[in-house]
Structure formats: C-alpha cells, structure tokens
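As you go down the protein sequences, you meet chains A and B in turn. For what it's worth, our numbering labels the leading residue of the first sequence as 3, then goes sequentially. For what it's worth, our numbering labels the leading residue of the second sequence as 5, then goes sequentially.
Hints in this document: simulated from the structure, not taken from any laboratory. Fair warning: this is a prediction, and the values are worked out from it, not measured in the lab. Ideal Cβ placement from N, Cα and C applies to all residues, glycine included. One or more hints might be untrue.
[Said to hold, decoys possible] Partial list, derived from the structure: chain A residues whose beta carbon lies under 8 Å from chain B:
#1 Asp406
#2 Leu412
#3 Ser464
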Amino acid sequence: MITLEAVTAVNRLGLGARQGDLRDPSQTEREALAQQCSSPQAFLIPGQSLPDRTQAGAVLATYLRERAGSPAISGSDRTMTLSPEAQQEAVAGPIRKMLQFAFPDVVARTHHAISTPNGFAERLVYFWSNHFTVAGTKALTLPYPGVFEREAIRGHLTGSFSELLLAVVRHPAMLLFLDQAQSIGPGSTLGKRRGGGLNENLAREILELHTVGVRGGYSQADVTELARALTGWTIAGERLLPLAPGATPGDSAFIAALHEPGARKVLGRSYAEAGEDQAVAILKDLARNPATGRHVAVKLATHFVADRPPPDLVEALTDSFIMTEGDLPSLHRTLIDHQDTWRSPDGKFKSPNDFLVSSLRATGGAPPLPRQLVEAYGALGQVPFRAPSPAGWPDDAASWAGADSILKRLEWSQAYAGQVTLTERPLTLAQGALGPALSGRTVEAVQRSESAVEGLVLALMSPEFQRR
Amino acid sequence: MTFSNPSRRALMSGLGGLALATSAGQLAFARSTGQKKIVLVILRGAMDGLAAVAPYADPHYRPARGRLALSLPGEVEGVLPIAEGFGLHPRLEFLHAEWRAAKLAILHAACSPYRGRSHFDGQDVLENGGDTAFGLRDGWMNRALGLLPATASPKAVAIGLASPTVLRGSTPYTSWTPPTQPDVPDSTIARLTDLYAGDILLSPALAMALETSALVETQATEGLERRRGAGGLGGYRTLTQAAARILSAPGGPAAAVISLDGWDTHANQGAASGSLALRLQSLDAALASLKQDLGSTWHDTVVIVATEFGRTVSANGTGGTDHGAGGAAFLLGGSVRGGRMLGDWPGLAPAALLDGRDLSPVNDLRALFAGVLNQQWGLEAADLRSKVFSGGSPPSPLSGLIA
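Please model the entire structure based on the sequences and the hints provided.
Right, dumping it as structure tokens:
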C-alpha cells in the first residue's frame with residue numbers, strides 16, 4: 003500500500019518518483035529523509051572528474067587576454083561601426099570557450115538529478131545554491147557556477163550556516179559575480195597609490211539576500227561599512243599574485259594592501275579586528291543574527307511546503323536556527339519532523355527545472371543528449387546557473403504558471419514524448435510517478451488518448467504532475 | 005508553436021471560453037477601449053539615468069562622473085542636445101528624432117516612492133503602485149485595467165517576463181516569450197483543455213496562452229529572431245516586434261508590459277561606447293521597431309519607459325555606478341506632447357543629493373503613470389487615487405501629457 007506520505011516525501015520534498023520509487027517503503031519516509039540530510043556523501047555528485055576553481059580561473063584568464071586584443075570587446079572607436087548583432091558575434095568566440103568549459107557541469111548535475119536516490123538532499127542543494135546565487139550571466143562568471151555549487155554548496159550542507167556563508171563569500175565565483183574582486187579600500191596602501199575604490203555590491207547582497215534579509219534592519223551605512231571590511235578579498239590573478247604569498251593563482255586571496263584600514267561598525271557592533279579577521283567576525287555575527295534565522299526559515303518553508311508557508315512551521319524553523327546557531331542538519335531535520343511539512347493541500351507548482359527533472363525521472367528514458375538539454379532548459383525558461391539576478395530564481399506559482407509558461411511546458415512535453423523510447427504504457431508510468439495522487443480524471447484522459455505520445459503528454463501536463 | 009493550420013485558428017477562437025461567454029455588444033465595446041494602448045517598458049536592473057539623459061551643463065556633472073562623462077554636443081560622440089543643458093546619450097538616435105518631432109517627453113530625477121536600494125524591492129514598489137515593498141499583492145496596471153469595461157479577450161499582455169508584478173491581480177492577462185519548440189496536435193490541446201477544467205491556475209493560463217500565440221503566429225513570423233532572451237541585445241527587438249503584433253491585432257489588448265533585463269551596471273559601464281552604450285543602442289532600436297511595426301496604431305499608443313531607480317551620481321571604484329535613487333523615464337508615442345522635460349530638476353550640487361550620493365528623486369513616477377492612465381484611458385483622478393495607486397498620499401496625475 004503506497005501512502006500519500008510516501009508521495010510527499012519523494013515528489014514534494016525530493017525530485018520526483020522514478021519507476022519503482024513508490025513501492026512499499028522498507029523504512030519510514032521520515033527516517034529515510036533524515037539519513038540523507040546528515041550524510042555528507044548524499045550531497046555530492048559521485049564519480050565525476052569535474053574541474054576546480056583554479057582551472058576555472060585559468061579559463062577566465064585566457065578569455066581576458068583574448069578580450070584585451072579584440073577591438074569589438076575592448077570598446078575602441080571601431081566598435082561603433084558594427085551593429086549590436088555584429089558586436090555580439092565578435093564577442094561570441096572567446097565566450098564560447100568558457101561556455102564549453104562550464105557545460106559539463108550542467109550535464110553532470112542533470113544526469114545526477116535524474117538518477118539519484120537522494121532526492122531530498124539534492125533539492126536541498128538546489129535550495130541553497132539558489133539562496134547563494136552565482137549566475138553565469140556575466141562574462142567573468144561564465145566558467146564558475148558549477149564549480150561554485152560543488153565547492154561552496156555541496157560540501158558545506160552538513161555543517162553550520164556560518165561555515166556555509168564563509169565558504170560562499172570567499173569563493174572566487176562569488177567575489178567575481180558581485181564585483182568584490184575589483185573593490186579597493188580608498189585608504190588602503192594600493193588604493194592611495196593607484197586610485198580605484200569601493201564597490202558595495204557584495205556587501206549589499208550579503209545583508210539583503212544571504213543573511214538578515216531586506217527587512218533585517220540595516221542601513222546604507224551598514225552596507226558601506228561591510229563593503230569596507232570586505233576589501234582585500236579578491237582573486238590572485240597575475241598582477242596581484244606577488245602581493246599574496248602562498249596563494250594559488252586564480253584562487254581567492256586576501257591582500258592586505260587592498261584592505262581599508264580602521265575599525266568598522268555594522269548593525270551597531272564595532273569590529274576592531276585587523277585584516278581578513280574583520281570581515282570574518284562580521285559574517286559570523288550576521289550568520290548568528292535572529293533575523294537571518296527568520297529569513298532562511300521563511301525561504302525554506304516557502305520552497306518545500308507552500309507559497310504562503312504555514313506560520314507554525316516558520317516559527318519552528320526559526321527557533322531551530324537560533325537555538326542551534328544555524329546547524330544545518332538540525333534545521334533540515336526540523337523541516338522533516340514538522341507536521342505542516344506533510345500537509346499542503348495545494349502543494350507547490352513545479353519550477354521548470356522541477357518539471358523537467360521529474361519528467362525524466364518518471365519516464366526513465368535515456369538521459370538527454372547535451373544538445374537536447376540545452377534546448378529543453380532554454381525552452382522551459384530556467385537554464386541551470388543562469389538565474390536572472392542575485393536573488394536567484396523565483397519560488398512561487400505566480401512566477402512560473404503564467405500563460406506562456408504553460409504553453410512552453412506543453413510544447414516541450416510534445417517534443418519529448420515524440421522522441422523518448424518508452425518501456426511502459428503511459429498510464430503505468432503515470433501510476434508509478436504519482437501513486438495515490440493520480441486523479442481519476444487524468445487516468446481517464448490518458449486512457450482515452452489517441453496515441454502513446456498523446457497519453458504521455460497528458461500525463462506530464464496533468465494538474466497533479468505539474469505540482470509537487 | 006506554429007499556427008499555420010487553419011483548423012488550429014478555428015479551435016483557438018472556440019477555446020477562448022472567455023470569448024464564448026460574452027455578448028456581441030461587449031465585444032464591440034472591447035474593441036473601442038482597446039484602441040487606446042499603453043505600453044510600459046520596464047528596464048530591470050536600474051538604468052543609469054544620468055548616462056541616458058546627461059545634465060552635461062551642470063558644473064558638478066563632469067567631476068562626479070569622471071570617465072563616465074559624455075562629451076559636449078557637437079564634439080565627437082557628444083550628447084544629442086535636447087532641453088537646455090541636457091543631452092541624450094549619443095546612441096539614442098531614434099529617441100532624439102522623436103524629441104525633435106515633439107513626440108518624446110522626459111521625466112528626470114524620478115522614482116517610485118521607494119527609497120531603499122534593493123532591485124527586488126524597488127521593482128516591486130514600481131509595479132505595485134503603493135509605497136511599500138510587498139505591501140500589495142497585485143500591480144497598478146492590473147488594477148487600472150480592472151476599471152476599464154469588461155472585454156472578451158485579455159486586456160493586457162506581458163512580454164519577455166511572463167508574470168510581472170505590475171500585471172498581477174484579478175484582471176486576466178496573457179503573456180508571450182519567443183517560441184522555441186514544435187507544434188502540438190489539436191487533439192492533444194483539446195484533451196488537455198478538458199483535463200484542466202476546474203483548475204483555476206492552469207485552465208485560464210492555457211486558454212490565454214493559446215489565443216496569444218495565435219495572434220502572433222497568424223501574421224508572418226519570419227522576422228522573429230528565435231532563442232533570444234529578454235536580456236540579450238538583439239532580444240529587445242524580438243520582444244517589441246511581438247508586442248506590436250499582439251497590440252495591433254483586431255481586438256488586441258489595451259496594454260503591454262515589456263521587461264528588458266540587463267541594466268545593473270556596477271562595473272566598466274563605459275561612456276559613449278562600451279557595455280551600457282550597446283544596451284542603450286539596442287533599446288533605441290527596439291523602440292524604433294515598435295513604432296514602425298505598430299503602423300497606424302502608433303498614433304493611439306503611449307509608451308512609458310521606466311526603471312526601478314537611478315544610479316549613483318559618482319562613478320564607483322570599478323568604472324561603474326551603484327544603486328541610487330532618481331532615474332530617468334521616457335514618454336513617447338504618436339500623440340504625446342513631447343519635446344520637453346517634465347517635472348522638477350534638483351541639480352547635482354552635493355547639498356542637493358539624497359544621502360550625499362544620489363540624484364534626488366523629486367518626481368514621483370506614479371504621477372506620470374497616473375497622468376497617462378487618466379488621459380489615455382479616461383480613468384478618473386479620484387479612482388486613480390483610491391483604487392489604483394495607494395500609500396501615503398498618491399500624487400496628482402501629471403496633466404497635458406497627451407494631445
């Protein structure tokens with residue numbers, strides 16, 4: 003007997019049922035989920051040799067050298083005689099090399115999502131990766147987001163929020179994405195000699211998006227102070243390497259000659275620490291701030307349970323975060339243990355990524371070719387690692403269930419159903435994917451369809467499969 | 005999806021459960037209100053208003069902007085002169101021509117009532133029409149459309165971003181983004197429509213999407229560039245072309261909201277050339293294409309181009325600009341009374357800046373929005389104050405915007 007609890011565990015909290023996932027469970031669903039969230043291995047992509055941050059840095063360095071030699075990119079006078087489209091093409095060659103470097107990560111991540119038994123852990127990876135978005139939407143970050151997710155996110159989900167935050171903020175991908183790598187303390191040794199100045203982008207997003215949240219009670223002065231404290235964190239590129247003894251080329255490094263001297267004051271507390279210890283101390287305090295707990299709790303409950311999350315659940319998650327000083331396994335365990343997690347009458351409307359991954363899991367077809375993946379992600383409107391802003395992808399039905407979005411899903415389903423080799427009849431697949439959540443009306447529609455292709459399209463597009 | 009097949013079109017008209025349920029009289033009425041169009045172009049990411057519309061004669065302009073400052077009118081790559089002391093960015097040639105034809109008006113030093121510096125909250129206030137981020141769950145354009153007479157077809161279309169906050173709410177709207185995938189058989193669409201009956205989220209979404217696609221696809225589609233997102237440079241024109249087709253179709257919607265991404269220029273934004281210049285050039289080309297593709301409908305169309313806030317007056321340490329306050333907005337169209345700057349100008353003197361860093365947002369964008377709604381659709385000032393805009397004291401509509 004397959005229970006609705008099993009469906010919730012696999013479909014809402016995980017990435018969707020593969021054929022056979024909804025057979026009678028050998029252990030309780032909650033225990034199975036709890037095991038995933040305390041096992042470091044469950045968060046990793048096994049058996050892949052994917053590049054690391056210094057390899058990404060080398061690819062970026064090559065791009066920057068090529069760019070320096072190209073008039074279309076460096077913005078010289080010749081640029082103006084080219085149309086925007088021609089200029090785009092002139093940029094495209096060097097960019098393409100970075101895309102080719104980054105793409106195996108998209109493929110590996112998708113193939114892992116299709117096959118992993120640890121759907122809950124993987125959804126947690128997606129949640130935190132989105133919370134700390136690094137998008138390949140600017141040239142400087144193109145080689146990095148997959149590397150970032152593996153190095154800064156996947157490896158830090160069984161420790162504390164504080165450790166996760168420090169890993170994220172100091173990763174070269176984040177330093178580049180939010181312009182920190184270029185920020186210079188105006189009163190620092192190098193700032194006084196060479197000019198340049200502060201860039202407050204990372205400081206603002208740490209406060210607004212990563213920690214206390216936009217209503218967390220900070221001011222413009224706090225943003226600027228945090229930006230000053232963060233100066234020094236940059237990338238050990240060619241020119242700066244001599245100033246960072248011991249640093250690995252292309253990795254992040256703290257360069258004291260860029261750091262704004264003096265004590266800082268953030269959210270009412272003074273920080274007299276020198277050098278990199280100053281920003282670390284501020285970040286650790288931000289990670290402990292109750293407003294951070296509440297901000298994370300609201301987002302977590304929204305992602306896993308409902309667009310308007312149950313207040314009791316938000317309270318429980320907030321309390322857990324504050325009591326344990328942001329211990330992530332405890333926080334995730336609180337989510338599993340709370341009764342509201344298991345009741346959500348309307349469920350969550352799937353994001354395009356959820357829809358694609360769950361469709362591929364449900365049908366059990368061969369993993370898509372890289373070209374098919376690019377087309378699918380593009381058509382559905384959610385290309386991995388290309389979130390539209392540092393706030394990440396939206397997480398509500400109002401953003402994903404627009405008229406056009408439904409049509410794009412229908413069109414993709416049609417294309418996919420026409421090409422996949424099915425091993426089961428569409429109705430059997432729908433039963434395996436949805437168990438007791440499959441409605442009589444969908445059963446009827448699939449049974450009456452005029453072809454297997456149409457039956458599969460209707461199953462994938464059914465109201466219950468569009469939700470989790 | 006392509007709609008080359010006539011039976012598909014026949015199906016579309018039947019599918020509009022909306023269309024079936026209304027009387028012929030309402031349809032005729034819909035057509036008359038739909039003739040007056042409003043296009044809202046939202047530049048997401050905070051366009052640098054001081055780069056688009058440069059106060060080149062202000063004594064503080066050149067020192068503050070440094071290498072981001074544009075050259076004087078008449079110099080190589082100089083600004084295109086408009087009102088005294090102001091010039092358009094040299095890549096905004098179409099907008100300059102519209103200014104000289106007195107069809108472009110500019111509201112500078114403008115912002116919603118939002119005074120923080122978050123994109124996400126800033127866009128929310130710009131679109132919700134109140135004075136608090138996430139203080140309202142629906143958008144001002146949706147509430148304004150709700151005051152228009154009922155129509156058989158959707159009153160608005162979202163282009164580029166499928167569900168912008170400004171269109172969220174109880175008035176149905178449709179949406180469009182560039183097509184990428186093959187055709188779906190009629191029979192599957194019919195069965196899916198049956199399966200969605202009673203699903204309040206999916207049923208209307210599917211019906212409206214099919215009708216909107218039909219509007220774009222029944223006309224020639226060869227000109228549409230495919231697979232370009234709202235953030236790509238060529239993509240801007242794809243989106244305005246689609247908007248023109250949907251708006252100018254018989255019974256087409258009264259409003260379009262077009263989202264254009266990519267304006268957050270924290271680093272190396274350039275001056276007369278460079279990354280921001282390319283983006284401005286693409287915006288200019290997209291607006292030119294909108295005018296051309298709308299044909300005679302252009303005379304009944306008012307286009308508002310707005311952004312969530314401006315950027316810092318001074319260049320930052322990395323050749324870009326950070327989040328600021330007062331920005332620039334454009335108003336153009338066949339019947340706009342243009343060739344002039346609207347509102348007040350606070351200047352760039354350090355004492356006049358907000359928090360010592362940002363162009364003071366002395367002009368409330370809601371006054372511009374309300375003025376357009378008032379004069380283009382005939383919405384009453386009292387209704388605009390009580391039903392469309394809210395929070396604090398919503399400003400009076402700007403008058404005399406449209407001839």
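Worksheet item: If you take the shortest Cβ to Cβ gap from aspartate 406/A to chain B, is it below 8 Å?
Response: 4 Å, holds
Discussion item. Restraint: leucine 412/A near chain B, CB-CB cut 8 Å. Satisfied or not?
Written reply: 6 Å, holds
Worksheet item: When the nearest CB of chain B is found for serine 464/A, is that gap smaller than 8 Å?
Response: 6 Å, holds
Against the hints set out earlier in the document, no violation occurs for any number.
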